Amino acid sequence: MIPAIGLLVGLVIGIVLHPDVPLGLQPYLPIAVIAALDAVFGAVRAVLDGIFDDKVFVVSFLSNVVVAALIVYLGDQLGVGSQLSTGVVVVLGVRIFSNVAAIRRHLFHA
Amino acid sequence: MTAPAREREESVRAGWARLWRAGRPRLTRANLYICVLAMLLGFAMVAQVHETRSSGLENLRQEDLVALLDSVNQQSLKLSKEADELTATKKQLESGTGDQAALQAATQRLETLGILAGTLPATGPGIRLTIGDPGNNVRPSDILNAVEELRDAGAEAMQINGVRVIAATYFAASGGTGMVIDGTTVHAPYVIVAIGDPHTMATAMAIPGGVVDGLKQLHATPVVTSESRVAVTALRPATSPRYAQPDN
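Residue numbers (this note's numbering), protein chains in the order written: chain A, 1 to 110; chain B, 1 to 248.
So that you can see chain A by itself, here it is in the shape it has in the complex:
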């Protein structure tokens, strides 16, 4: 409940403040957001599996974000930034889909 409220508060703050993304962060923010979403869905799945752990969630959230940004940064340095970020998005998308499927099975048994 509290995390959902936190998410809503964040959304509202963003809408109110209309932040400009710093230039240096611009290539990494979309990937970081996708990675964070993956962590969140993984957390919900873990809750439903009964194996949720606060510490694991915080660490996985932060590491997901950092690693995703790092991969994109590395790809940019190697000249394959766009391909690599596409790859990261694909992998995270697949993970999100599988997590959502697990959640759906838990909640609706379908």
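Calculated from the structure, these hints are not laboratory results. Keep in mind the model is a prediction, meaning the values are calculated, not measured. C-beta: ideal position from N, C-alpha, C; glycine also. Check each hint, because a few of them may be wrong.
Each pair of labels, with its calculated beta carbon distance range [unchecked claim]:
#1 B:Ala5 with A:Ile15: 40 to 48 Å
#2 B:Val12 with A:Asp53: 18 to 26 Å
#3 A:Val9 with B:Val12: 25 to 33 Å
#4 B:Ala88 with A:Val67: 57 to 65 Å
#5 B:Ala67 with A:Gly87: 14 to 22 Å
#6 A:Ile15 with B:Ser11: 37 to 45 Å
#7 B:Leu77 with A:Ala110: 26 to 34 Å
#8 B:Asn73 with A:Val91: 50 to 58 Å
#9 A:Pro19 with B:Asn73: 29 to 37 Å
#10 A:Leu8 with B:Ala67: 37 to 45 Å
If you want a taste of the chain A side facing chain B, the calculated C-beta under 8 Å gives, among others [what the hints assert, rightly or not]:
#11 Gly10
#12 Gly14
#13 His18
#14 Ala32
#15 Phe41
#16 Gly50
#17 Phe52
#18 Asp54
#19 Gly81
#20 Leu107
#21 Phe108
Guided by the hints, dock chain B onto chain A, whose structure is given.
Positioned in the frame of chain A, the structure of chain B alone reads:
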């Protein structure tokens, strides 16, 4: 309710219960962290959405920009080439004034050549040489002499008794009276109309031992009158050469 169905029902209920339990507000440190992270996520999502909507090129990566620049350059090259072609076409069309000049020159040339070839009538200052021949003594060569003398004096167009005199004109004796000029038999009095400088031509006729003197010796009666306007109205059909080809 069968056993598997009941089991499934229970598991679904357990799932929702777990979710509900996890969602209960608890003031622990971990929950605070999670809340902060969720806030960050929401904020970042909104920022990113806003950025994507508001910006065109600035959040593209460098290589994408290079590729974009490349394609734009290529397109601009293509377009400038097209513009060059169209400019050339426009210039060509605009030099219709040049075509006009060429047409004018060609028309002038046509007129000049038409007067020389006898296909166009001509008027202008000139002289009229009337040769009465009571004794029928004037030979074609005498008329040819007069014509040559007139040409020498700058005659530009001539006719004799309604026959246009051009470069190919011939003078021949006829069986009876008169003579044959270009296939037409003409009789005395011979009237030679020549367009040119009247003074020069009249002087040329009057040279001692010249045309007038010579004709007088043949007992003919040459009369030269200078006129400010004479008309050479006799025409010849235009003919194209059968054998001679222009050799550029």
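Structure-based check of each hint:
Between alanine 5 of chain B and isoleucine 15 of chain A the CB atoms are about 45 Å apart, so this pair conforms to the stated range of 40 to 48 Å. A beta carbon spacing of about 24 Å between valine 12 of chain B and aspartate 53 of chain A agrees with the range 18 to 26 Å that was offered as a hint. Taking 25 to 33 Å as the suggested C-beta distance range, the pair valine 9 of chain A and valine 12 of chain B conforms, at roughly 31 Å. Checked against the given bound of 57 to 65 Å, the beta carbons of alanine 88 of chain B and valine 67 of chain A, roughly 59 Å apart, stay inside it.
Between alanine 67 of chain B and glycine 87 of chain A, the C-beta spacing of about 19 Å keeps the proposed range 14 to 22 Å intact. In this structure, isoleucine 15 of chain A and serine 11 of chain B meet the distance hint of 37 to 45 Å, their C-beta atoms being roughly 39 Å apart. The given range of 26 to 34 Å is broken by leucine 77 of chain B and alanine 110 of chain A, whose C-beta atoms sit roughly 58 Å from each other. Checked against the hint of 50 to 58 Å, the C-beta distance between asparagine 73 of chain B and valine 91 of chain A comes to roughly 35 Å, which is inconsistent with it.
Between proline 19 of chain A and asparagine 73 of chain B, the C-beta spacing of about 34 Å keeps the proposed range 29 to 37 Å intact. Take leucine 8 of chain A and alanine 67 of chain B: their Cβ atoms lie about 39 Å apart, and the range 37 to 45 Å holds. About 3 Å separates the beta-carbon of glycine 10 of chain A from the nearest beta-carbon of chain B, less than 8 Å, and the hint is met. Using the Cβ-Cβ criterion of 8 Å, the hint placing glycine 14 of chain A at the interface with chain B is satisfied: the shortest such distance is roughly 3 Å.
The interface hint given for histidine 18 of chain A holds, since its Cβ lies 6 Å from the closest Cβ of chain B, which is under the 8 Å cut-off. Annotation: alanine 32 of chain A was flagged as interfacial toward chain B, and the flag holds, the nearest CB pair being 7 Å apart, inside 8 Å. The closest approach between the C-beta of phenylalanine 41 of chain A and any C-beta of chain B is roughly 12 Å, which is over the 8 Å cut-off, so the hint fails. A cut of 8 Å between beta carbons decides the hint on glycine 50 of chain A: the least distance to chain B is about 6 Å, and the hint holds.
Interface restraint check for phenylalanine 52 of chain A: the shortest CB-CB distance to chain B comes to about 6 Å, inside 8 Å, so the restraint holds. For aspartate 54 of chain A, the suggested interface contact is upheld, since its CB lies about 3 Å from the closest CB of chain B, less than 8 Å. The criterion of a C-beta within 8 Å of any C-beta in chain B is met by glycine 81 of chain A, whose closest approach is roughly 5 Å, and the hint holds. Interface hint status for leucine 107 of chain A: upheld, as the beta-carbon distance to the closest one in chain B is roughly 5 Å, under 8 Å.
About 7 Å separates the beta-carbon of phenylalanine 108 of chain A from the nearest beta-carbon of chain B, less than 8 Å, and the hint is met.
Comparing the model with each earlier hint shows violations of hints 7, 8 and 15; every other hint is respected.
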